[in-house]
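**Student:** Following the hints, put chain B in place on chain A, whose structure we already have.
There are 2 protein chains.
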Amino acid sequence: MKLSILGCYSATPRAMTNTTSQVLEINNHMFLIDCGEGTQVHLRRHKIKFNRIKRIFISHLHGDHFFGLVGLISTFRLLTREADLHIYGPKGIKEVVTLQMKLADSWTNYNLYFHELTSKESELIYEDDKVEVHTIPLEHRIYTNGYLFKEKEHERKLDINAVEEANINVAYFRKLKQGFDVENEDGVLIDNKLVTKPGTKAKSYAFCSDTVYKEDIVPIIKDVDVLYHESTFLEEHAHLAPRTKHSTAKEAAKIAKKANAGTLLLGHYSTRYGGLKPFKEEAEAVFSNVELCEDGKTFDFS
Amino acid sequence: MKLSILGCYSATPRAMTNTTSQVLEINNHMFLIDCGEGTQVHLRRHKIKFNRIKRIFISHLHGDHFFGLVGLISTFRLLTREADLHIYGPKGIKEVVTLQMKLADSWTNYNLYFHELTSKESELIYEDDKVEVHTIPLEHRIYTNGYLFKEKEHERKLDINAVEEANINVAYFRKLKQGFDVENEDGVLIDNKLVTKPGTKAKSYAFCSDTVYKEDIVPIIKDVDVLYHESTFLEEHAHLAPRTKHSTAKEAAKIAKKANAGTLLLGHYSTRYGGLKPFKEEAEAVFSNVELCEDGKTFDFS
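Chains as they are written, first to last, in this note's numbering: chain A, 1 to 302; chain B, 303 to 604.
Some hints here could point you the wrong way.
[To be verified] Below are the SDA-like pairs computed for lysine to any residue, each with C-alpha atoms no more than 25 Å apart in a straight line:
#, chain 1, residue 1, chain 2, residue 2
1, B, Lys351, A, Gly274
2, B, Lys393, B, Lys351
3, A, Lys94, A, His134
4, B, Lys396, A, Leu99
5, A, Lys47, B, Gly598
[To be verified] Which stretches of chain A does chain B cover? Using the computed rule of at least three CB atoms under 8 Å from a CB of chain B, they are:
#, segment
6, 11–17
7, 32–40
8, 57–69
9, 183–194
10, 219–227
Simulated from the structure, these hints should not be mistaken for lab results.
A quick note: this is a predicted structure, and the numbers were derived from the prediction, not measured.
Even for Gly, the Cβ is constructed at its ideal location relative to N, Cα and C.
In isolation and in its complexed conformation, chain A is listed as follows (with noise of 0.2 Å):
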């Protein structure tokens, strides 16, 4: 599992400071998390293939998450893509870019499906063989979601040894993956767990942004891997948090505790701020692994 961040800063896209937009590698899937304006360039410059970004997830069309998706969606027309893009966002989207494809007499050459989201509670948006999505239903200004991103269990490993030795056919090899047993050349059961061992453990990951404290997302996101959480302000600024309907980076941090997060990752910073170090230093102060995201920086949680 990898993220890379393309832009994690509040409000307006400035000289040096991205808005919100992330990509996600999990399990072979590559999904777009929000798209502020610019956000097919800093996939250009991080040498993202457009190609692989197959679903893109927006948490809600304040413009600072969503004004570079009808600009993605117009170049990977022009890029003649073909794959189909699967776009999920709240209810609007859809009719938002229409209206610029049709006023430009547009339209693209590749399958584009919208999923509206209007629900309150946490569903699930996408489920394969691979992973799973679920809404995160969030409370700030407007209707708003974050993601949780689950990993299905990893197949288990051959241990190629034990299995050479306990005598089984090719042909049975992928049944042992998926955790059964099987009949070796001999015609005798062998017990799955003497020829294979576990996969590597499935992954989780929480996207919650923009968002006020609640703790009614802690039963959702219970035990995730990682959580990204917004934190648009510090503690001196506490007070414009319920105002504006954001976060601080303690509450960010109150929440990863609660949930039993592995790691906590800050973003969605207020550009007010001289430097990211006190965002860090006021989270640690109630949990311990926190990392602060920054523009171009990529995790990897393999």
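**Tutor:** Same frame as chain A, now just chain B:
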């Protein structure tokens, strides 16, 4: 008259090339012309004061000319702008900006005026005591206008020695600058030309993008000082120009020659080419005074 090129490439923003946007400073006005994605960031990099931009002119609703507009409008709001903002552009521009504001449950805290264009004839769309702005109907795949910016005649300059010698009261200086004859302190009528010199020549700038080769625009831009004309293609791809409703560098030069322009600026280059030199060479075969736009370049025409 000063022109800053924020972006001058066609199609889609890339890691090192920006889509169309320019800032024209003319007779104390600062006009933004087109607004591709990322324009607000390029404005910041140019250190252009956002509050000085009071009028934005959008040629057409293809993304590479206007996907940065809604972000800029939102950022103006976040920066607590108070000055009015006027947007000129094709019909539909109001709906698309308004929809995005509505979805974000947001509106501007400054007055935002849309001037939607539908005419296929050149029209005067803005005038004050300093400048006039006219549309230049272009022919592209969708409804498109270029814009002609014309300074009004500059005031005459006082010949301060002659004025003193003629014994004219300071109260009449304004009248003198406006070209009137005035009475001196002794009641003698003084011929304006004896005590003033001609003001700086009034300048004009024509922005023509995107368009197929279209001689109809020549009468509108006749004798323009500076002509920006799109040159998407080189001669080797001349066959693509009519099909995509774009122009070649040579065609841009033909228009400049027929219009008796002072200087021709080339831009809106396709990103398929390795360098810009051939654009200049091909245009110079037809018209001598050719300059290449480049992202970040500023032209001073004073």
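**Student:** Please write out, lowest number first, the hints stated earlier that are contradicted by the structure.
**Tutor:** 2, 9 and 10
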